[in-house]
Amino acid sequence: MRGIMLTATSFALTAAVLGNAYVQKKQFYPSVVYITKSHPSLAVLYLQAFVLVILMGKLFKKVFFGQLRAAEMEHLIERSWYAVTETCLAFTVFRDDFGPRFVAMFTLLLFVKCFHWLAEDRVDYMERSPVISWVFHMRVITLLVVLASFDLLFINYAYHSTLTKGASVQLVFGFEYAILLTVLINVFFKYVLHTIDLQSENPWENKAVYMLYTDLIMGFIKVFLYTAFVAIMIKIHTFPLFATRPMYLAMRSFKKAVHDVIMSRRAIRNMNTLYPDATAEDLATTDSICIICREDMVAGEPGAGGGGTCKKLPCNHIFHSSCLRSWFQRQQTCPTCRMDVLRLSVAAASQRLRQQGQQQQGGVGQQGQAGPGLGQQGNGQVPPVPGQGMPPFPPNFQFWLPQFQGGVPFPQPPVPPPPSSAAQPGASTATSPTTTGAASQGTSPGTSPGTSTATPTSWGTSLPNFPPPPNMGAPGMGGMLPNMFPSMMPPFMMPFGMSPPMPPPNFSGLSDEELHAMEGMERQHVQARIECLKNIQSLLDAAVIQMQQYSTLISGLGMPTVPVTPASTHTTSATSTVPTPTVQTGESPAPPSSPINPETLTSTAAQPSESSNDLSDLEGAVGFTSPAKETKDDAAEPAAESPEEQERNEVRRRRLQRLSSSETSTS
Amino acid sequence: MAGSALKRLMAEYKQLTVNPPEGIIAGPVNEENFFEWEALITGPEGTCFEGGVFQTELKFPTDYPLNPPKMRFKTEMFHPNIYADGRVCISILHAPGDDPMGYESSAERWSPVQSVEKILLSVISMLAEPNDESGANVDASKMWRDDREKFYRIAGELVRKSLSL
Chain X
34 MRGIMLTATS
44 FALTAAVLGN
54 AYVQKKQFYP
64 SVVYITKSHP
74 SLAVLYLQAF
84 VLVILMGKLF
94 KKVFFGQLRA
104 AEMEHLIERS
114 WYAVTETCLA
124 FTVFRDDFGP
134 RFVAMFTLLL
144 FVKCFHWLAE
154 DRVDYMERSP
164 VISWVFHMRV
174 ITLLVVLASF
184 DLLFINYAYH
194 STLTKGASVQ
204 LVFGFEYAIL
214 LTVLINVFFK
224 YVLHTIDLQS
234 ENPWENKAVY
244 MLYTDLIMGF
254 IKVFLYTAFV
264 AIMIKIHTFP
274 LFATRPMYLA
284 MRSFKKAVHD
294 VIMSRRAIRN
304 MNTLYPDATA
314 EDLATTDSIC
324 IICREDMVAG
334 EPGAGGGGTC
344 KKLPCNHIFH
354 SSCLRSWFQR
364 QQTCPTCRMD
374 VLRLSVAAAS
384 QRLRQQGQQQ
394 QGGVGQQGQA
404 GPGLGQQGNG
414 QVPPVPGQGM
424 PPFPPNFQFW
434 LPQFQGGVPF
444 PQPPVPPPPS
454 SAAQPGASTA
464 TSPTTTGAAS
474 QGTSPGTSPG
484 TSTATPTSWG
494 TSLPNFPPPP
504 NMGAPGMGGM
514 LPNMFPSMMP
524 PFMMPFGMSP
534 PMPPPNFSGL
544 SDEELHAMEG
554 MERQHVQARI
564 ECLKNIQSLL
574 DAAVIQMQQY
584 STLISGLGMP
594 TVPVTPASTH
604 TTSATSTVPT
614 PTVQTGESPA
624 PPSSPINPET
634 LTSTAAQPSE
644 SSNDLSDLEG
654 AVGFTSPAKE
664 TKDDAAEPAA
674 ESPEEQERNE
684 VRRRRLQRLS
694 SSETSTS
Chain E
-11 MAGSALKRLM
-1 AEYKQLTVNP
9 PEGIIAGPVN
19 EENFFEWEAL
29 ITGPEGTCFE
39 GGVFQTELKF
49 PTDYPLNPPK
59 MRFKTEMFHP
69 NIYADGRVCI
79 SILHAPGDDP
89 MGYESSAERW
99 SPVQSVEKIL
109 LSVISMLAEP
119 NDESGANVDA
129 SKMWRDDREK
139 FYRIAGELVR
149 KSLSL
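These protein sequences, in sequence, are chains X and E. Under this note's numbering, the first residue of the first sequence carries the number 34, and numbering increases by one thereafter. Under this note's numbering, the first residue of the second sequence carries the number -11, and numbering increases by one thereafter.
Among the hints, erroneous ones may be present.
[As the list claims (entries may be wrong)] Here chain E is said to cover these stretches of chain X; the calculated rule only asks that three of the stretch's residues, wherever they fall, bring their Cβ under 8 angstroms from a Cβ of chain E:
# : stretch
1 : 161 to 174
2 : 318 to 327
[Said to hold, decoys possible] Here are the simulated DSS-like cross-link-like pairs (lysine-lysine), alpha carbons at most 27 angstroms apart as the crow flies:
#  : chain 1 : residue 1 : chain 2 : residue 2
3  : X       : 289       : E       : 47
4  : E       : 47        : X       : 288
5  : E       : 58        : E       : 130
6  : X       : 240       : X       : 345
7  : E       : 58        : X       : 288
8  : E       : 106       : X       : 289
9  : X       : 345       : E       : -5
10 : X       : 95        : X       : 146
11 : X       : 345       : E       : 106
12 : X       : 240       : E       : 62
13 : E       : 62        : E       : 47
14 : E       : 62        : E       : 149
15 : E       : 149       : X       : 240
16 : X       : 240       : E       : -5
17 : X       : 70        : X       : 58
18 : X       : 94        : E       : 47
19 : E       : 138       : E       : 106
20 : E       : 130       : X       : 240
21 : X       : 146       : X       : 91
22 : E       : 58        : E       : -5
23 : E       : 106       : E       : -5
24 : X       : 198       : X       : 240
Honestly, the hints are just simulated from the structure, not real lab data. Positions of the beta carbon are idealized from the N, C-alpha and C atoms, including for glycine.
Using the sequences and the accompanying hints, generate a full structural model.
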């Protein structure tokens, strides 16, 4: 009513203005001049134009839409306000071009936009209404065609205008119409999909998927257009503030489309792989109604009921696969009991993985066991060199991944040591232990150097997780475990031979369950390592005690003392390999010894390529004096100083012989 | 035929017409649009809302039943769990997934198992037993907790108002 009043007033005013002009000037041309010169007359005419536009809009609405629904009206008004605000912002950018023509163009744009929105709403409505008449189809199709031609016309105009006259406000119009065109194409695709859906007897299963992909592609085009627009605008004018809101919305909807597509693909994959089809017996035991669509379910008959085959979840609830798929797109739980289906299936998968892992774990244990084995051997015979000798320690261990276990044996040591040097230390330690009494330590039965060739039982107590090493000397043990080092390489070479497994290039390629499984095993491994370290620590304790006993024995014999002996450096280097410094507490610190000693040490280690720099530092702190063996060492050291390995080996052999002979003699 | 959402809504409408639960009348406002319903709820007996007939509207999303409908009281209400504009705040009407605020577990939220009937029954029980822990209308929550008499008086007025409509 009020609208009619306003319209009538506007028409009356226009008539009055025109009549007044004509009465005053009597002729056409002077009247026009008079009207354009008179501001009130112009205002009235502009108002009239606006009213005419609204009337046109109403006419189009009647033709193409009939009665608008409340929701559509609401949408329209809300969006119109945003559009008007943005238009006002656009005016600020193009204030130089501002004029009646410019305002008219924007009004027209707004007008066309409104119809695009209405078309979008109308097509969405198709999904909701059970009755779609042919009038509806006619209207939608003609509307789409008219709007598309409008858009193309304006895009074309803007394009040519920009080409001929350079960049102007037409750029904005061109982009706006291009975006409207993408909206229109999107609406058209949806219309086609809905129409196909309406034609078919049953709900069309794949419609949702097609809709998702349409959204994805159109969203991408929109984002692309907006980005290009903003880039061009920044280059030519300034940042287009009025485009930020629609651009943000376009990006958000694109992101959502991407997310939806990903979720949908995952849901489809899960559906196809994780859950079994429901059988007729399954359906017979339930009430055979899909709780999602409230339709009957029929087993194994595609296209039946609400949607094809039925799927059974691990919780024994059965649904149509299409219903379930669209639900899983949103939520990975069972609709009925809300059990987390994905987590459950992941748990099952990781269970499987873990079982595999445990099989491999055996292999790992055997490999990891080489570490402690070494520690003992090193104690008994030769000090392992820090930094090189302990691959299983935490830094490396982090990457002790399942895929490196079991299947990949340790590589052979790069430089095999001379076999003679390997055999002799073993012999020497085997002969030495009885005097030490270190094995009497209750806490670590297998820790004294002498017992490095201990029996399986002592191994079993000290290292419950690990089977004994293959070639650790005790007869009969070889049969207990797979012969991992069939080449019978010298035992103390094992640490050097063990190259740490390489970490995987990155973790991104791993799925959640794989990571989970890895983590699960890693915990066990860490525990195993800690166990190893404890064992090594007690071994070192024992060694220290043993050495102290040696020294007391030898000092009791009244031999002249020398600051450092090979035996003491054994312990120092051995302790230096242990991260925990507590091992050294029992020892009396000694003055730093000559840097020669590490050399002799390394020679005894029979490891060609190791560096002894660390040793010389550490040794001063932890070494302790032993009165014995000075003479022997004096003899040995000059030779050891020469860097040649052969000589070292020679020297070490000699020294070990003397050592063992002296020990046996003292005992 | 049409989409599964429409089918399901039609099935629910049929179910509600054939076998209506006590105190509930519900159906689409317009048979051409099954996604907007109107429902009449009677106040539960033995509560301060007894005797009232409350008009509500339900708006269903196109992907119903995967997402919950929105419910709004058209009659003026004064209740801890109803916003001043009539929107209903109950957990089963909240979109599935865990509450970002960590307040509700996903088990309380929407799932396709729910239906219009269950929603309306939940709303009736909500009218009977307001949950003042998560107040949508803070004034009503406070009054429900502190000044029960006044709350009853206001509710009684609203009941009379609803009947005079």
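Verification of the supplied hints:
Counting residues of the stretch 161 to 174 of chain X whose CB lies closer than 8 angstroms to any CB of chain E gives 4, which reaches the minimum of 3, so the coverage claim holds. Counting residues of the stretch 318 to 327 of chain X whose beta carbon lies closer than 8 angstroms to any beta carbon of chain E gives 4, which reaches the threshold of three, so the coverage claim holds. Between residue 289 (chain X) and residue 47 (chain E) the alpha-carbon distance is near 23 angstroms, which keeps this suggested pair within the 27 angstroms criterion. About 26 angstroms separates the Cα atoms of residue 47 (chain E) and residue 288 (chain X), which keeps this hinted pair within 27 angstroms; it holds.
Between residue 58 (chain E) and residue 130 (chain E) the CA atoms are separated by roughly 25 angstroms; this keeps the pair inside 27 angstroms, and the hint holds. Note on residue 240 (chain X) and residue 345 (chain X): the hinted pairing holds, with a Cα-Cα distance of about 23 angstroms set against a maximum of 27 angstroms. For a cut-off of 27 angstroms, the pair hint linking residue 58 (chain E) to residue 288 (chain X) stands: about 25 angstroms separates their Cα positions. Taken as a hint, the residue 106 (chain E) and residue 289 (chain X) pair is broken in the structure, with Cα atoms around 30 angstroms apart against an allowance of 27 angstroms.
Restraint check for residue 345 (chain X) and residue -5 (chain E): satisfied, since their Cα atoms lie roughly 23 angstroms apart, inside the 27 angstroms limit. Our distance criterion of 27 angstroms between C-alpha atoms is met by residue 95 (chain X) and residue 146 (chain X), whose separation comes to about 17 angstroms. The suggested pairing of residue 345 (chain X) with residue 106 (chain E) holds, with an alpha-carbon distance near 25 angstroms, which does not exceed 27 angstroms. Taken as a hint, the residue 240 (chain X) and residue 62 (chain E) pair is broken in the structure, with Cα atoms around 35 angstroms apart against an allowance of 27 angstroms.
This hinted pair checks out: residue 62 (chain E) and residue 47 (chain E) have alpha carbons roughly 13 angstroms apart, not beyond 27 angstroms. At roughly 12 angstroms between alpha-carbon atoms, residue 62 (chain E) and residue 149 (chain E) fall within 27 angstroms of each other, so this suggested pair holds. Between residue 149 (chain E) and residue 240 (chain X), the direct Cα distance comes to roughly 47 angstroms. Violation of the 27 angstroms bound is thereby established for this hinted pair. The hinted pair formed by residue 240 (chain X) and residue -5 (chain E) meets the criterion: a straight-line CA distance of about 15 angstroms does not exceed 27 angstroms.
Between the alpha carbons of residue 70 (chain X) and residue 58 (chain X) the distance comes to roughly 13 angstroms, so the proposed pair stays at or under 27 angstroms and holds. Note on residue 94 (chain X) and residue 47 (chain E): the hinted pairing holds, with a Cα-Cα distance of about 25 angstroms set against a maximum of 27 angstroms. Only pairs whose Cα atoms come within 27 angstroms are accepted, and residue 138 (chain E) paired with residue 106 (chain E) is rejected, the gap being roughly 30 angstroms. Distance check on the hinted pair: residue 130 (chain E) and residue 240 (chain X) sit about 49 angstroms apart at the alpha-carbon level, beyond 27 angstroms; violated.
Taken as a hint, the residue 146 (chain X) and residue 91 (chain X) pair is honoured in the structure, with Cα atoms around 14 angstroms apart against an allowance of 27 angstroms. Straight-line distance between C-alpha atoms of residue 58 (chain E) and residue -5 (chain E) comes to about 19 angstroms, which keeps the hinted pair within the 27 angstroms bound. Our distance criterion of 27 angstroms between C-alpha atoms is met by residue 106 (chain E) and residue -5 (chain E), whose separation comes to about 18 angstroms. Of the supplied pair hints, the one linking residue 198 (chain X) and residue 240 (chain X) is violated, its CA atoms being roughly 46 angstroms apart against a limit of 27 angstroms.
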